[in-house]
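Novice: The chain contents come next:
2 protein chains.
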Amino acid sequence: MTYTPPVAPDDVRAAAVRIAGVAHRTPVLRSRTLDRMVGAEVFLKCENFQRVGAFKFRGAYNAVSRLPEEQRARGVAAYSSGNHAQAVALAARLLGTGAVILMPEDAPPSKLRATAGYGAEIITYDRYRGDRGALCAELAAERGLALIPPYDHPHVIAGQGTAALELLQDTGPLDALVVPVGGGGLIAGSATAAKGLYPELRVIGVEPEAGDDTRRSLEAGRRITIDVPRTIADGQALPVPGEVTFPIIQRLVDAVELVTDDEIRRAMRFAFERLKIVVEPSGATGLAALLSGRVTSPSGRGTDQAGATADPGGKAAGPGGDAASPGGSAAGRGGRRVGVIISGGNVDADRFAALCAP
Amino acid sequence: MTYTPPVAPDDVRAAAVRIAGVAHRTPVLRSRTLDRMVGAEVFLKCENFQRVGAFKFRGAYNAVSRLPEEQRARGVAAYSSGNHAQAVALAARLLGTGAVILMPEDAPPSKLRATAGYGAEIITYDRYRGDRGALCAELAAERGLALIPPYDHPHVIAGQGTAALELLQDTGPLDALVVPVGGGGLIAGSATAAKGLYPELRVIGVEPEAGDDTRRSLEAGRRITIDVPRTIADGQALPVPGEVTFPIIQRLVDAVELVTDDEIRRAMRFAFERLKIVVEPSGATGLAALLSGRVTSPSGRGTDQAGATADPGGKAAGPGGDAASPGGSAAGRGGRRVGVIISGGNVDADRFAALCAP
Numbered sequence: 253m254t255y256t257p258p259v260a261p262d263d264v265r266a267a268a269v270r271i272a273g274v275a276h277r278t279p280v281l282r283s284r285t286l287d288r289m290v291g292a293e294v295f296l297k298c299e300n301f302q303r304v305g306a307f308k309f310r311g312a313y314n315a316v317s318r319l320p321e322e323q324r325a326r327g328v329a330a331y332s333s334g335n336h337a338q339a340v341a342l343a344a345r346l347l348g349t350g351a352v353i354l355m356p357e358d359a360p361p362s363k364l365r366a367t368a369g370y371g372a373e374i375i376t377y378d379r380y381r382g383d384r385g386a387l388c389a390e391l392a393a394e395r396g397l398a399l400i401p402p403y404d405h406p407h408v409i410a411g412q413g414t415a416a417l418e419l420l421q422d423t424g425p426l427d428a429l430v431v432p433v434g435g436g437g438l439i440a441g442s443a444t445a446a447k448g449l450y451p452e453l454r455v456i457g458v459e460p461e462a463g464d465d466t467r468r469s470l471e472a473g474r475r476i477t478i479d480v481p482r483t484i485a486d487g488q489a490l491p492v493p494g495e496v497t498f499p500i501i502q503r504l505v506d507a508v509e510l511v512t513d514d515e516i517r518r519a520m521r522f523a524f525e526r527l528k529i530v531v532e533p534s535g536a537t538g539l540a541a542l543l544s545g546r547v548t549s550p551s552g553r554g555t556d557q558a559g560a561t562a563d564p565g566g567k568a569a570g571p572g573g574d575a576a577s578p579g580g581s582a583a584g585r586g587g588r589r590v591g592v593i594i595s596g597g598n599v600d601a602d603r604f605a606a607l608c609a610p
Numbered sequence: 253m254t255y256t257p258p259v260a261p262d263d264v265r266a267a268a269v270r271i272a273g274v275a276h277r278t279p280v281l282r283s284r285t286l287d288r289m290v291g292a293e294v295f296l297k298c299e300n301f302q303r304v305g306a307f308k309f310r311g312a313y314n315a316v317s318r319l320p321e322e323q324r325a326r327g328v329a330a331y332s333s334g335n336h337a338q339a340v341a342l343a344a345r346l347l348g349t350g351a352v353i354l355m356p357e358d359a360p361p362s363k364l365r366a367t368a369g370y371g372a373e374i375i376t377y378d379r380y381r382g383d384r385g386a387l388c389a390e391l392a393a394e395r396g397l398a399l400i401p402p403y404d405h406p407h408v409i410a411g412q413g414t415a416a417l418e419l420l421q422d423t424g425p426l427d428a429l430v431v432p433v434g435g436g437g438l439i440a441g442s443a444t445a446a447k448g449l450y451p452e453l454r455v456i457g458v459e460p461e462a463g464d465d466t467r468r469s470l471e472a473g474r475r476i477t478i479d480v481p482r483t484i485a486d487g488q489a490l491p492v493p494g495e496v497t498f499p500i501i502q503r504l505v506d507a508v509e510l511v512t513d514d515e516i517r518r519a520m521r522f523a524f525e526r527l528k529i530v531v532e533p534s535g536a537t538g539l540a541a542l543l544s545g546r547v548t549s550p551s552g553r554g555t556d557q558a559g560a561t562a563d564p565g566g567k568a569a570g571p572g573g574d575a576a577s578p579g580g581s582a583a584g585r586g587g588r589r590v591g592v593i594i595s596g597g598n599v600d601a602d603r604f605a606a607l608c609a610p
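Which chain is which? The protein sequence lines are A and B, in order. In this text, residue positions in the first sequence follow this note's numbering: the first is 253, and each later residue adds one. In this text, residue positions in the second sequence follow this note's numbering: the first is 253, and each later residue adds one.
Just so you know, these hints were derived from the structure itself, not from any lab. You may find that some hints are simply not true.
[Stated by the list, open to error] Chain A regions said to be covered by chain B (calculated; three or more residues, Cβ under 8 angstroms): (1) 521 to 530; (2) 590 to 601.
[Claimed, not checked] Just some of the chain A residues that point at chain B, by a computed CB distance under 8 angstroms: (3) Pro279; (4) Asn300; (5) Phe301; (6) Gly305; (7) Ser362; (8) Ala605; (9) Cys608; (10) Ala609.
[Unchecked claim] Pulled from the structure, derived: some chain B residues nowhere near chain A, Cβ distances all over 12 angstroms: (11) Pro257; (12) Glu321; (13) Tyr377.
Here a beta-carbon is modelled for each residue, glycine too, at the ideal position from N, C-alpha and C.
Construct all of the structure, not just a fragment, from the sequences and the given hints.
Specialist: Rendered as structure tokens:
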């Protein structure tokens with residue numbers, strides 16, 4: 253039997269057309285310091301600058317916009333640890349319909365506030381007890397709402413894939429693409445777009461160490477459920493890969509690396525102090541993997557320290573630090589030219605201070 | 253007698269050519285939320301993404317590059333509360349010469365480290381006692397170094413003005429330009445560039461309330477010296493406007509607004525949480541003036557809440573918050589289209605946490 257993937261590269265391209273002019277085409281940042289530190293040319297796709305502060309808007313808008321008109325008019329429902337909530341709330345408002353959002357009661361207050369601020373009705377639940385999927389399905393059925401899942405839907409996955417599509421349109425061929433993995437929507441869509449353009453490109457997922465369900469599932473060859481992980485990477489605190497996303501990940505993702513909460517904190521701090529950008533814990537896991545030497549090889553880093561590169565046009569102005577002198581770049585395990593998706597920036601100043609205090 | 257300004261618009265244009273490809277052409281950010289809050293279209297020129305993390309690199313590089321070759325070869329010296337130090341250190345390194353930097357001993361540790369990291373020799377002094385200008389002049393004379401002043405030099409001023417020149421090239425005509433004022437190099441250069449392009453454009457300086465030497469000097473019609481101000485805006489903790497910069501400011505700057513340290517903190521927090529960018533205290537004073545209603549009029553803000561605008565191309569992708577719906581913008585005291593120079597982003601995570609904790 254032939255496997256027909258639920259999302260094809262053309263679906264991502266179609267989503268890109270649908271979200272054009274509504275979602276931001278986010279900038280790609282460069283940093284001489286980062287290049288030198290990891291021995292590669294690094295391209296950071298900054299979805300922290302996306303609408304609602306995270307890539308989630310791409311998938312949510314694509315999915316809500318593709319609902320049949322009558323269904324859309326009745327309103328939408330979603331469950332989310334935060335960014336998907338805001339994304340669906342905003343997408344619904346932009347498309348002229350209502351949203352009911354189920355959020356964990358311990359979601360960051362800024363995310364609860366922001367979601368309410370987009371005009372959505374919020375219902376909270378206990379993250380460590382309730383089956384949010386079932387709760388939300390029930391709610392949607394009761395009220396006749398269309399459920400917009402956070403990752404397990406082809407339209408959501410295709411929308412998220414536009415992040416990688418844009419990045420690769422800006423950078424051209426890359427050797428590796430590093431993508432945070434939560435439910436798997438971002439990496440499934442991104443891998444679909446990336447392998448569609450460059451089949452040889454290595455797609456590397458990153459999970460928080462406490463939430464390694466996708467890595468374990470890949471090793472086992474089937475979806476493994478773990479305890480709900482307790483990690484600062486709240487966007488990745490999920491116990492099991494998605495039903496729709498996992499087969500895509502199995503087929504297209506080359507490796508999943510793990511990062512500790514401390515490594516995530518260091519990456520957030522690096523982004524703050526050197527790149528001058530705000531990145532939430534989940535959003536920083538790709539950068540954390542890179543800074544921890546899990547993407548470019550240690551030997552690559554050891555033998556070639558020069559990694560300064562010319563900045564592309566104004567769009568990709570490289571902020572912060574500076575490297576000594578131009579020179580060749582090191583080829584590591586993940587390759588010479590590495591894309592990283594910075595997936596979101598929704599962390600309030602108090603939480604950042606609490607997380608990143610020495 | 254005709255007054256011949258020490259810096260003309262052509263000098264800024266010449267500096268732009270000189271720094272092209274070396275300094276970053278920094279992005280111009282937009283925010284729907286900000287536009288809505290202040291009732292204007294706001295264009296943020298993000299010099300926190302400049303090399304060394306602040307606009308200072310522009311002036312330093314222009315000045316060092318314009319030294320006669322023999323003089324440049326002997327090395328350069330500078331005194332600075334921080335960003336100018338790093339800027340001169342990097343400019344010297346890029347231009348193949350050495351730098352000796354006199355820094356206040358209470359400068360943020362990150363700035364001391366970064367300056368040393370660029371290979372400069374650092375000498376510290378007591379900010380509240382030593383006459384740094386005299387100390388540095390002595391040092392320069394002893395060692396035969398060329399002194400690169402932080403603001404009081406036409407080549408430095410012309411270099412800083414390239415920030416406004418680039419902004420206006422990207423935005424076209426603006427009604428107002430809001431610029432932080434320390435020694436006056438940035439605003440003198442920016443006003444020169446801005447009035448050269450658009451004589452009707454209103455140039456508004458912003459000082460920390462404790463460091464209102466320029467505002468007082470403008471009122472008095474001569475340079476007034478105040479006690480060294482104690483403010484979180486360390487880049488603006490200066491007691492007197494520059495000799496070279498002040499006459500330019502007198503001629504070209506329309507108003508100087510003051511902001512409190514608390515208003516600066518709120519602006520830093522806003523930049524962090526809504527714009528996802530890191531801004532140091534001095535860098536946030538322009539934004540603070542805007543958010544405090546000192547640039548656009550309260551009536552303008554009250555009568556028209558809609559300020560959502562289309563984003564320009566990818567370069568100026570608007571991060572963060574979202575406005576409800578497109579619509580007309582309010583014309584306030586400072587005008588409908590307002591540029592703000594975000595002058596720097598060099599604040600380490602610990603200091604940010606300490607400053608912005610609730």
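Novice: Run every hint past the structure and note whether it holds.
Specialist: How the hints compare with the structure:
1. 521 to 530: Answer holds; 6 residues pass the 8 angstroms Cβ test.
2. 590 to 601: holds (count 3)
3. Pro279: A/Pro279 check passes; min Cβ-Cβ to chain B is 5 angstroms, inside 8 angstroms.
4. Asn300: 5 angstroms, holds
5. Phe301: 4 angstroms, holds
6. Gly305: Where the cut-off is 8 angstroms and the nearest Cβ of chain B is about 6 angstroms from A/Gly305, the hint holds.
7. Ser362: Nearest chain B Cβ about 7 angstroms off; hint holds.
8. Ala605: 3 angstroms, holds
9. Cys608: Since the shortest Cβ distance to chain B is 5 angstroms, the answer is holds.
10. Ala609: Constraint on A/Ala609 satisfied, holds at 6 angstroms.
11. Pro257: The assertion about B/Pro257 holds, with a minimum of 29 angstroms to chain A.
12. Glu321: B/Glu321 clear of chain A: closest Cβ-Cβ about 20 angstroms, beyond 12 angstroms.
13. Tyr377: Label holds. Min Cβ-Cβ 25 angstroms, cutoff 12 angstroms.
In this structure, none of the earlier numbered hints is contradicted; all agree with it.
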